[in-house]
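K.L.:
Note that the protein sequences, when read in sequence, are chains Z and P. Numbered according to the numbering used here, the first sequence spans residues 1 to 267. Numbered according to the numbering used here, the second sequence spans residues 1 to 301.
No wet-lab data here; the hints were simulated from the structure. Every value quoted in this text rests on a predicted model; they were computed, and no experiment measured them. All C-beta atoms in this analysis are idealised placements derived from N, C-alpha and C, irrespective of residue type, glycine included. One or more of the hints may lead you astray.
What the hints assert, rightly or not - Simulated DEER-style distance windows between Cβ atoms:
{"no.": "1", "chain 1": "P", "residue 1": "K195", "chain 2": "Z", "residue 2": "V50", "range": "28 to 36 Å"}
{"no.": "2", "chain 1": "P", "residue 1": "L154", "chain 2": "Z", "residue 2": "L243", "range": "29 to 37 Å"}
{"no.": "3", "chain 1": "P", "residue 1": "L124", "chain 2": "Z", "residue 2": "L243", "range": "46 to 54 Å"}
{"no.": "4", "chain 1": "Z", "residue 1": "R178", "chain 2": "P", "residue 2": "G10", "range": "15 to 23 Å"}
{"no.": "5", "chain 1": "Z", "residue 1": "L255", "chain 2": "P", "residue 2": "D197", "range": "24 to 32 Å"}
{"no.": "6", "chain 1": "Z", "residue 1": "A170", "chain 2": "P", "residue 2": "A93", "range": "35 to 43 Å"}
{"no.": "7", "chain 1": "P", "residue 1": "V159", "chain 2": "Z", "residue 2": "S45", "range": "50 to 58 Å"}
{"no.": "8", "chain 1": "P", "residue 1": "W216", "chain 2": "Z", "residue 2": "G213", "range": "54 to 62 Å"}
{"no.": "9", "chain 1": "Z", "residue 1": "T74", "chain 2": "P", "residue 2": "I25", "range": "28 to 36 Å"}
{"no.": "10", "chain 1": "Z", "residue 1": "K36", "chain 2": "P", "residue 2": "K195", "range": "26 to 34 Å"}
{"no.": "11", "chain 1": "Z", "residue 1": "A164", "chain 2": "P", "residue 2": "W117", "range": "22 to 30 Å"}
{"no.": "12", "chain 1": "P", "residue 1": "T213", "chain 2": "Z", "residue 2": "R96", "range": "42 to 50 Å"}
{"no.": "13", "chain 1": "Z", "residue 1": "W53", "chain 2": "P", "residue 2": "G250", "range": "51 to 59 Å"}
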Amino acid sequence: MRKGPGLFLRSAMVLGFAFLYAPILILMLYSFNASKLVTVWGGFSTRWYVELWSNAALLDAARISVLVAATASTLATVLGVMAGYALARVPSFFGRTLFSGMVLAPLVMPEVITGLSLLLAFISISMDRGFTTIVIAHATFSMCYVAIVIQARLSGFDQSVEEAAEDLGARPATVFRRITLPLIMPGVISGWLLSFTLSLDDLVIASFTSGPGSTTLPMKIFSSVRLGVTPEINAIATILIGLVAAGTIIWSLALKRAEANRVKAAA
Amino acid sequence: MAGSAGGHSGWGRRIAILVPYLWLIAFFLAPFLIVLKISISTTAIAQPPYVPVWDSVGAALTHLGSPNLDNYLFLFEDSLYINSYLNSLKIAALSTLMALLVGYPMAYGIARSSRNWRGALLTLVILPFWTSFLIRVYAWVGILKTEGILNSFLLWIGVIAEPLQIHFTPTAVYIGIVYSYLPFMILPLYSTLEKLDESLLEAAADLGARPLTTFWKVTLPLSLPGIAAGCFLVFIPAVGEFVIPELLGGSSTQMIGRTLWSEFFQNRDWPLASSVAVLLLMVLVVPIVIFQRYARREGTG
């Protein structure tokens, strides 16, 4: 039997979680502040949420961000599933070390370097910067996360089921569609969601690779935050946090249920 | 049949390898080589603001013998750059240590909680990772500002007579880094501490070791892999950090990510920005290689 955490560990956890959550909760609370002065509580109000709807520039940036994130994460998922499959199921091919290195490298590469190098590459092939270049940039770093999730999931499954289907005469495409894909589906969805949030959140790489008319939401937030704290930004931050928290909770509940069903089916 | 890779399933596999391979070469490897190339070219006031080192493969070969290293020499001559690098390493190392001190007891506490609690507590650790990094850093601006929430509170309870200047100081950067990267520290620590064999602790206690001795002699050494992984995961991204020093440190903290940004966006010196990037990567290569080796050994072991 495991001994529960003692008083010291308990207080460390309480303080630690307070440190992790207090800033976000304070920000959310102050988004409902009636006063324009950010630190003076002027009563409860939803006026900043109402004003958000008339801020055309912010709404436009939000629209662009969602479009970029949806496109980039779909592209990243397709590329990442292929890369993860190759790493997990093909033990040797020409340049495998370089390939696995390139899949891991973007995860530890400082964002400023990724952004700078992509921008210089786009310029050197005289590609106009805008929606497409941000999508390419986001898909490139997100696909690595997807590849690692898929590789981990595939390594956890025995290859013999796929081989058995092949031996029974199923074509490779059929094996992938009927056996491999269902096995990695939770990973595919997790990977897509992760790519979507990474893209929606990215400031540095988007700042390097965007062009006129393609300002994303983080870029817009960043430029107004530089001028100081504004209640409107608090409001949009609260909306974003709410959406992400809801998405995460729904997805983890769905995963838990699917897992429980599988256990039930297996029993 | 295991050896069917070259057989009838060959085409699907070939595509699965080739497409992401070419994509990464085009959008990861090639761009980096371009940075390398521009870092050894000469600054020019033009669009694009640099003179290419070479325009054709033939010219490239002649230039390879005499690359222009002026940008790199400049980085070593001007103390601004050296200080940025050293400052980044110092800030990243100290914040990693602080994150370890905050994260270790949390991870240990979670690992020793009951099974029902563990899942919920872990979700609480991971959840901030899913919420916007920029927003989490921004949340601290409202707290740490001179007329911010922390100062108002401290003034109200009478601890201080005058507002503290925390925003736009290195202290704010440390707080920001520890806060932002704490989950990266807790997760690997948790996964080693969770596997810790309880009977070892009981054995130590039975042999008369006091709890603190047991911790120093048993728990801490056994959790070293988690400590190493957590420290790398905090240290590496912290060195190249841009958002935190920009929003919380201001001009008080010159970190290399900010230097690169301003060299590129404000001074428009692309070759110099490129050589800052190359040098930053060189600084990071050592810890990254150590970490990857380490991760591979842990993964296979």
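K.L.:
Could you run down the list of hints and mark each one as holding or not?
P.N.:
Hint by hint, here is what the structure shows:
Here the CB-CB span from P/K195 to Z/V50 is close to 52 Å, at odds with the stated 28 to 36 Å. The given range of 29 to 37 Å is respected by P/L154 and Z/L243, whose C-beta atoms sit roughly 34 Å from each other. Roughly 18 Å separates the CB atoms of P/L124 and Z/L243, a value that falls outside the hinted 46 to 54 Å. The given range of 15 to 23 Å is respected by Z/R178 and P/G10, whose C-beta atoms sit roughly 19 Å from each other.
Between Z/L255 and P/D197, the C-beta spacing of about 29 Å keeps the proposed range 24 to 32 Å intact. Range check, Z/A170 to P/A93: about 54 Å between beta-carbon atoms, so the 35 to 43 Å window is missed. The hinted range of 50 to 58 Å is not satisfied by P/V159 and Z/S45, whose Cβ atoms lie roughly 30 Å apart. Between P/W216 and Z/G213 the Cβ separation comes to about 60 Å, which falls inside the hinted range of 54 to 62 Å.
The hint said 28 to 36 Å for the Cβ distance between Z/T74 and P/I25, and at roughly 21 Å that hint is violated. A beta carbon spacing of about 52 Å between Z/K36 and P/K195 contradicts the range 26 to 34 Å that was offered as a hint. For the pair Z/A164 and P/W117, the supplied restraint of 22 to 30 Å is violated, since their beta-carbon distance comes to about 41 Å. Between P/T213 and Z/R96 the CB atoms are about 48 Å apart, so this pair conforms to the stated range of 42 to 50 Å.
For the pair Z/W53 and P/G250, the supplied restraint of 51 to 59 Å is violated, since their beta-carbon distance comes to about 32 Å.
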